[in-house]
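Based on these hints, arrange chain C on the given structure of chain E.
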Amino acid sequence: MSNIPSDLRYTKSHEWVRSLPGETPAGAVEVGISEHAQSALGDLVFVEVPDVGRALKAGDACAVVESVKAASDVYSPVGGKVIASNAALATQPELLNQDPYGAGWLFRVQTAAPIDDGALLSAAEYAKFLADEAH
Amino acid sequence: MAFIPHTPDDIASMLEVIGVQSIDDLFDEIPRELRAGTLGVPPAMGEMEVGRLLTERAASDGRPLNFIGAGAYEHHIPAPVWAIATRGEFYSAYTPYQAEASQGTLQLIYEYQSMVCALTGMEVSNASLYDGASALAEACLMAVRANRAANSRRILLPRAVNPTYGQVAHSIAGNQDIVFETVDFDRSTGRTLLESLRPYGGQDVTALVIQQPNFFGCLEEVDQLTDWAHQNKILVVAVVNPISLALLKPPGQWGTPIEGHQGADIVCGEGQPLGVPLSAGGPYFGFMATRMQYVRQMPGRIVGRTVDMEGRPGFSLTLQAREQHIRRSKATSNICTNQGLMVTAATIYMSLLGAAGLERVAAASLQRTADLVAALSEVAGIKAAFTAPRFHEAVLLLDRPVAPVLAALARRGIFGGLDLIDRYPELGYALLVCATETKLTADIDSYVGALADIMQSSRAAA
Chain E
1 MSNIPSDLRY TKSHEWVRSL PGETPAGAVE VGISEHAQSA LGDLVFVEVP
51 DVGRALKAGD ACAVVESVKA ASDVYSPVGG KVIASNAALA TQPELLNQDP
101 YGAGWLFRVQ TAAPIDDGAL LSAAEYAKFL ADEAH
Chain C
1 MAFIPHTPDD IASMLEVIGV QSIDDLFDEI PRELRAGTLG VPPAMGEMEV
51 GRLLTERAAS DGRPLNFIGA GAYEHHIPAP VWAIATRGEF YSAYTPYQAE
101 ASQGTLQLIY EYQSMVCALT GMEVSNASLY DGASALAEAC LMAVRANRAA
151 NSRRILLPRA VNPTYGQVAH SIAGNQDIVF ETVDFDRSTG RTLLESLRPY
201 GGQDVTALVI QQPNFFGCLE EVDQLTDWAH QNKILVVAVV NPISLALLKP
251 PGQWGTPIEG HQGADIVCGE GQPLGVPLSA GGPYFGFMAT RMQYVRQMPG
301 RIVGRTVDME GRPGFSLTLQ AREQHIRRSK ATSNICTNQG LMVTAATIYM
351 SLLGAAGLER VAAASLQRTA DLVAALSEVA GIKAAFTAPR FHEAVLLLDR
401 PVAPVLAALA RRGIFGGLDL IDRYPELGYA LLVCATETKL TADIDSYVGA
451 LADIMQSSRA AA
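These protein sequence lines map, in sequence, to chains E and C.
In this text, residue positions in the first sequence follow this note's numbering: the first is 1, and each later residue adds one.
In this text, residue positions in the second sequence follow this note's numbering: the first is 1, and each later residue adds one.
Pulled out of the complex, with its shape left as it was, chain E reads as follows (with noise of 0.2 Å):
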């Protein structure tokens, strides 16, 4: 069973989003891929992320994950505006394997609006998605 942390919530395309009312101002939000995703694509070879400044509408393509066998878009979970982004992953795309939830963080989001909580899954509902996938 996959690595699930509680206290993100997720997407039924496998990314995660993390608030982070303490460091940024209120509405900022961190984006990554969720460890069955990382697991799914399998070595990283190259990672694109998203320009600083660019408006996102929530389900834009935004970010680019490219394994040696597959290479997957990542959807902006949220609209609004990037604030940031993992340059490290530009040189070691492997920090996403290693850690999706921590060093492997993608982009993060000033987000223009509350986000619609509906449209996000818990991680007790990412893990029932991810049991249903797999049968």
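The reader is advised that the hints may include incorrect statements.
Claimed, not checked - Calculated pairs, DSS-like style, for lysine-lysine (alpha carbon to alpha carbon, straight line, at most 25 Å): (1) E/K12 with C/K330; (2) E/K12 with E/K57; (3) E/K81 with C/K330; (4) E/K57 with C/K330; (5) E/K69 with C/K233; (6) C/K233 with E/K81; (7) E/K69 with E/K12.
Stated by the list, open to error - From the derived model, a few chain E residues whose C-beta atoms are all more than 10 Å from chain C: (8) I4; (9) S6; (10) S13; (11) A37; (12) D43; (13) K57; (14) G59; (15) E94; (16) D99; (17) I115; (18) S122; (19) A124; (20) A127; (21) F129.
Derived by calculation from the structure, the hints in this document are not laboratory data.
Note that the Cβ used here is the ideal one computed from N, Cα and C, for glycine as well.
Just chain C now, kept in the frame of chain E:
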């Protein structure tokens, strides 16, 4: 056995679902006048009869002395080029699906890519595209992906760029919300002037296309055009003639370095001059090169050199995650092949000539065109249209319509150039001529003599 698996019943049921009467109805989109109709192909013939028929047909073309360039150039092709390219090891079937099983083919493509990089002064080349025009269209699409400073999808396309390339770029890229802005040329020099670009300064523009030499054969002031583009965060797409690069500054060195980068961002062009015969327009091949910074935005296949598990050198297809079989609809392009045989010929041609040989071809072509223009300018009623320095092509202005003059030349076995009246009516009676190293002094004399005679006699008739 029949290779078409559909029975008449299958076809009838499919047509019914689609809602048309016949297979021919599916082609209604194509205007009647563009369809070939019946080809007049005779029924089965023996080999000897076919050989005789085709020899007769070929002979009816004559052996005209050709002074038409305009994008496809007649160069001498040393006999070894096609003798080697048509060896079974090269002239074989389709790309194998396990590409790495064909180390020889991959090595040849790798050598080709290295040569394109050396010619253009760029860091990475792909394995080739279909032709020069579609390579420009792909370069425009690539520029839109690569230029993150721009959101407009606007591309500045000078009128001095080959108009056929412009049409193809419109056809391929125009349906993807890419807007082409036309930039005029200077009537006296034949160049694209910085002044005509300035109105776009500070605007959101994706790329500037610069053709060197341009369609008129004139040399653009590529350094200042490149610097202007980069100062405005506009990518430079260079369209170049590979033979000319033996003499001219490679696009990778255009302009002055800005933030560690110098030169064009994407370079493309028509590879035909490198050992591929004119062949009535194809097959040719397009080439494309860029900086490593943009390699993931480049379309097409790329061969890389690597080592196997035992440390032995080998070649493989690389960066395939850009491509259709991995990224599906998000691929950089739906190009998933290259012009293998044409690239084989080009690689052999470049290997045989070497840098010094290519330079001699380029210098001789430049000289022959200079001789041709000088001699034709002496003929009453003819003058050179533009003052800019040129490579191996030039626009001449005549004092009368060009088409009848070209027809009279053709009756004497001379293809005298391309009439520009449809493409550039504002130039008046303009004729685009080209002489490569294949035109000897006697050939130029024949052309000049014939043209002087035709101009003289038609004046007398008038």
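Hint by hint, work out which the structure violates, then give me just those numbers in ascending order.
Violated hint: only 5; rest satisfied.
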